[in-house]
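Q: Okay, here's what each chain looks like letter by letter:
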Amino acid sequence: MSVRHAVLALLSEGPKYGLQLRHEFEERTGEVWPINVGQIYTTLQRLERDGMVEVGSEDDGPQKTYRLTAEGATELDEWLHTPPDLSSPPRDELVIKVLVAMHVPGVDIEELIQAHRRRVVELMQEWTRVKRDASEHDISLVLVVDAELFRLDSVVRWLDAADSRLRRVTPPPTPTTTPAPAKRKAGVR
Amino acid sequence: MSALELIGVTKVYGRGAGEVQALREVTLVVDPGELVAVMGPSGSGKSTLLTIAGTLENPSSGEVLIGGVPVAKLSRNQQAAMRRRAIGYVFQDFNLLAGLTAVENVALPLELDGVSTRTARRSALEALDRLSLSARADHFPDDLSGGERQRVAIARAVVGQRRLLLADEPSGALDSVNGEAVMRLVRSTCQGGVAGVVVTHDAQLASWADRVVFLRDGRMVDQTARPAGPESLLQADAAR
Numbered sequence: 001m002s003v004r005h006a007v008l009a010l011l012s013e014g015p016k017y018g019l020q021l022r023h024e025f026e027e028r029t030g031e032v033w034p035i036n037v038g039q040i041y042t043t044l045q046r047l048e049r050d051g052m053v054e055v056g057s058e059d060d061g062p063q064k065t066y067r068l069t070a071e072g073a074t075e076l077d078e079w080l081h082t083p084p085d086l087s088s089p090p091r092d093e094l095v096i097k098v099l100v101a102m103h104v105p106g107v108d109i110e111e112l113i114q115a116h117r118r119r120v121v122e123l124m125q126e127w128t129r130v131k132r133d134a135s136e137h138d139i140s141l142v143l144v145v146d147a148e149l150f151r152l153d154s155v156v157r158w159l160d161a162a163d164s165r166l167r168r169v170t171p172p173p174t175p176t177t178t179p180a181p182a183k184r185k186a187g188v189r
Numbered sequence: 001m002s003a004l005e006l007i008g009v010t011k012v013y014g015r016g017a018g019e020v021q022a023l024r025e026v027t028l029v030v031d032p033g034e035l036v037a038v039m040g041p042s043g044s045g046k047s048t049l050l051t052i053a054g055t056l057e058n059p060s061s062g063e064v065l066i067g068g069v070p071v072a073k074l075s076r077n078q079q080a081a082m083r084r085r086a087i088g089y090v091f092q093d094f095n096l097l098a099g100l101t102a103v104e105n106v107a108l109p110l111e112l113d114g115v116s117t118r119t120a121r122r123s124a125l126e127a128l129d130r131l132s133l134s135a136r137a138d139h140f141p142d143d144l145s146g147g148e149r150q151r152v153a154i155a156r157a158v159v160g161q162r163r164l165l166l167a168d169e170p171s172g173a174l175d176s177v178n179g180e181a182v183m184r185l186v187r188s189t190c191q192g193g194v195a196g197v198v199v200t201h202d203a204q205l206a207s208w209a210d211r212v213v214f215l216r217d218g219r220m221v222d223q224t225a226r227p228a229g230p231e232s233l234l235q236a237d238a239a240r
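Taken in order, these protein sequences are the chains called A and B.
The opening residue of the first sequence carries number 1 in our numbering; numbering runs sequentially from there.
The opening residue of the second sequence carries number 1 in our numbering; numbering runs sequentially from there.
The hints are simulated quantities; they were obtained by calculation from the structure and are not laboratory data.
Don't take every hint at face value.
Said to hold, decoys possible - Reference excerpt, derived from the structure (chain A facing chain B, CB under 10 Å, subset only):
1) Glu111
2) Gln114
3) Ala115
Treat the numbers as computed from the prediction; the structure is a model and nothing was measured.
Beta carbons are placed, not taken as given, at the ideal position from N, Cα and C, and that holds for glycine.
Just need the whole structure built from these sequences, with the hints factored in.
A: Shown next, in the form of structure tokens:
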């Protein structure tokens, strides 16, 4: 999340002072991204240096207010319309764990996958409780929770797919110890 | 007293080489007010678990108790009466009768149970009202949206004095927001004291449950930690 662009967005509604910006930032992001007031002021200083915001006039009140400049408005509009970088896949720790586990002797991969699946579903239950308790008018919070649930849901789906694929390549387990099946470079093509 | 108890339930279909163990030694206890989700891949035994919990099939071995009553000790007629009175079902494809209006669909299980048409209609209207569907009571299923049809199906499942709600992929083909609305209804129904079991492969729907159990090859292999008992949830609700 770019604090810089969030501040520009908040100022697009009209002049505001630092503490107000912090309060509104947290409110608009469903209060799941706490931010300290120092970050807000540092950001404001940089934006002022770059000509994106300017300090308001004295008669706005005792507190220092900031307003968006035309340059700031253009910057905000460009940022909103620029697609975020979704191209390079992040190094997913869970994917790596499962890939590594396939080659570690003595690891029950089905059990490992289930343990991770359970943990992710437990997290989803926690988020769902947050959504359940949220007011339906708190749309920011509900959208943030939705995003988290969709992300975790995709993790569960990947675990399900991994489980199903590994079953197809490995023979069903037998009660007696059998030599490990020949390992293939599974999954990654 | 638990609403549903499956104790060491095994279900075997077929014989000899064609024998399939759909459920193996499954033990699951669901309390009134509790919502349990059952997750597992296709063929893991989810649907079999639901049909046995609903007394639509008998287990090969093990015991099923509904509201503390051992189902095996009941006659066929008593079992059928229990199905009509105590258990509600919600299916993936809603299973509403196209020739009946919403309120007639909801009243049907009560009428089949010998309740007078007038009383059944009153109970059905109450159930529809709880699901904010009063205005659609006299519409036929074809005139309702997918989400409304599923709400009618839920109303039918909870009409009267049902104590156990069983649902198989209850959000059907609904989009995620409508699917969530279905789970909110199931959830609030359970908070009223009904025990719920929802079978799904959708983790987002399952996460509405108090507890998620995982089936694999007919065995219950794992379950999520219980964050708080249904009692404390009910207390929390009462305190609100």
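Q: For the restraint on Glu111(A), tell me whether the closest CB of chain B is nearer than 10 Å.
A: 8 Å, holds
Q: Taking 10 Å as the limit, does the beta-carbon of Gln114(A) come near enough to a beta-carbon in chain B?
A: This hint holds: Gln114(A) lies near chain B, its Cβ roughly 5 Å from the closest one there, short of 10 Å.
Q: May I ask you to test the interface hint for Ala115(A) with respect to chain B, counting a Cβ-Cβ separation under 10 Å as satisfied?
A: Constraint on Ala115(A) satisfied, holds at 8 Å.
The structure fails none of the hints (numbered hints given earlier).
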